[in-house]
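Chemist: Put chain B on the given structure of chain A with help from the hints.
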Amino acid sequence: MTRDELYDRLEKDLRDRFGDQLYSAGIDYGMLVVTNPPELHHEIAAWAKEHEFWKFNHFIDITAVDQYTRFDTHRFEVVVHLRSHTHNLKFRYKTLLPADRTHVPTLTDLYAGASWSEREAYDLGGITFDGHPRMTRIMNPDDFVGHPLRKDFPVKGLHRGSFPRGTVVSNKRRESVVAKQTKPKPADQILPRTPLETRRERVRGEDGDA
Amino acid sequence: MGVTQWPGGEAFTTRVSEFVGWARKYSAWPMPFATACCGIEYMATMASRYDQGRFGWERPSFSPRQADLLIVIGTVCIKMAPVLKRIYDQMAEPKYVISMGACASCGGMFDTYSVVQGIDTLFPVDVYVPGCPPRPEMLMLGYTKLQEKIQRERATEGARR
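Quick mapping for you: the protein sequence lines, in order, are chains A and B. Under our numbering, the final residue of the first sequence carries the number 329; numbering is consecutive throughout. Under our numbering, the final residue of the second sequence carries the number 476; numbering is consecutive throughout.
For the record, the hints were derived by calculation from the structure and aren't laboratory data. Check the hints yourself; a few may be wrong.
[Stated by the list, open to error] Quick list of simulated restraints, FRET-style, between CB atoms:
1. B:M424 to A:T247: 31 to 37 angstroms
2. A:L268 to B:M424: 16 to 22 angstroms
3. B:M358 to A:T247: 39 to 45 angstroms
4. B:A362 to A:D262: 38 to 44 angstroms
5. B:D404 to A:D262: 15 to 21 angstroms
6. A:D262 to B:G371: 21 to 27 angstroms
7. A:P252 to B:G368: 49 to 55 angstroms
8. A:M150 to B:G371: 40 to 46 angstroms
9. B:G368 to A:Y187: 35 to 41 angstroms
Even for Gly, the Cβ is constructed at its ideal location relative to N, Cα and C.
Next comes chain B alone, as it looks inside the complex:
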């Protein structure tokens, strides 16, 4: 990529993939699916002190159809599993998933009959954020890792999976 002089002003050349990836990684619309105490940490991440808007995921979308980043925050019971799966299916491609906290990632301490042992048994997960609960900084690091992943993607692949 480089800036070149062009009749009428400066222009830069780049690859389409990099440009689209750059645009996408700063414009995720997260769909927070908060079911447990990790939701409090997510609220802190959202609010002014930590301010997730600084990284481009400004607008939490509470409708899955207008979202492209699913953040599963907290314990998922087996009764909730079909609901969560449907929410994931409703989201438009390209879509990304962050699993926040031990419960969403692997069931956490709830190794019992009623809790899903990790949401990756339902659909693919891009970033796991460990912790019980993880601090807002950890979620932000997770999102930064996801941004790196989005940047690396090829824009012409179409549906990612």
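Isolated chain A (complex conformation):
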């Protein structure tokens, strides 16, 4: 089958399986794109992986997009790319998180490779993945404040790490400007510390200075 035929069949299969629960499905920039509510986030991946014909065995990426005020219905999108080596076919599905929801189920039980990508999406986008074995920051320091790829995050940051002189650059002006534009949001989700982090903090000392 050609790729167009494969996409037609995949779209039909997805509609047969999930029906009206899908928001949309169609070809976008040469790839099948599906949008769906968070309830289907884990189900679509499980279906695509286990399906005897499609066998989407290759997890490519999971990432989060902050649409901010672009849509009235939702702010965050979680985008997943999957590939089937059997058919040399990729497809993408976007989970739209209604209102201020910032959590979806993890895909690490299906694809172990999702672990670091989900941590990245948490670190930079602030999306938490329920059931992830270690939902902590992956690139920024553990004591970093905020999620940098959110649209309301000041470019220069809220926090400059634990330096001897306290801060590197004062961000006070930028903070106040941003605070006016920002809608009130739930407090940043503070996760329990792992034993390793607790030990590291003890070694570093109270102020976190290495």
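Modeler: Same frame as chain A, now just chain B:
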């Protein structure tokens, strides 16, 4: 300073500070801390065409405890800042710091949440070498300036700072 005749041969007299400074300025052991593209320019400085050994900093020491000149080459992220601070603390006195490139000196174009805005927020810096990236000649000029500074130091001061 002057050469005088002495029983058994010639001798010269000088001040201890000048002699120690003269010895120190030609015997720095640099610790290159290369994190970004400036590191390529530093490699050129090290290699045969420019040859930093001509000026006395022959031997790059990749262990901070056997080094007395820290050359910070490139962008330093805030996650790397504690590591760099520890490297600086491990070096023995007297120690000197060259900040190579715009990023190490002031953050450069990375005026963002994740980049240290100049390593002088972590520890004192002796010589700043501007440029993005600076050419090997500029780094050599920076080192020459540092040599002048080392020559001017008083040897009996003990810990410099």
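Chemist: Kindly confirm whether 15 to 21 angstroms is satisfied by the beta carbon distance between D404 of chain B and D262 of chain A.
Modeler: 20 angstroms, holds
Chemist: Could you check the hint for me, namely that L268 of chain A and M424 of chain B are 16 to 22 angstroms apart, CB to CB?
Modeler: 19 angstroms, holds
Chemist: Taking 39 to 45 angstroms as the stated bounds, is the beta-carbon spacing between M358 of chain B and T247 of chain A within them?
Modeler: 43 angstroms, holds
Chemist: Given a hint of 38 to 44 angstroms, does the C-beta separation of A362 of chain B and D262 of chain A actually sit inside it?
Modeler: Given about 40 angstroms between the Cβ atoms, the range holds.
Chemist: Starting from the range 40 to 46 angstroms, see whether the pair M150 of chain A and G371 of chain B falls in it by beta-carbon distance.
Modeler: Given about 60 angstroms between the Cβ atoms, the range is violated.
Chemist: Between P252 of chain A and G368 of chain B, does the C-beta distance stay in 49 to 55 angstroms?
Modeler: Because 51 angstroms falls inside the window, the suggested range holds.
Chemist: Lying within 31 to 37 angstroms: is that true of the beta-carbon distance M424 of chain B to T247 of chain A?
Modeler: 32 angstroms, holds
Chemist: Just tell me: holds or violated, for the beta carbon distance of G368 of chain B and Y187 of chain A against 35 to 41 angstroms?
Modeler: Violated, since G368 of chain B and Y187 of chain A (Cβ atoms, about 55 angstroms apart) do not stay within the stated range.
Chemist: Between D262 of chain A and G371 of chain B, is the Cβ distance one that fits in 21 to 27 angstroms?
Modeler: 41 angstroms, violated
The structure does not agree with the numbered hints 6, 8 and 9 stated previously, though it agrees with the rest.
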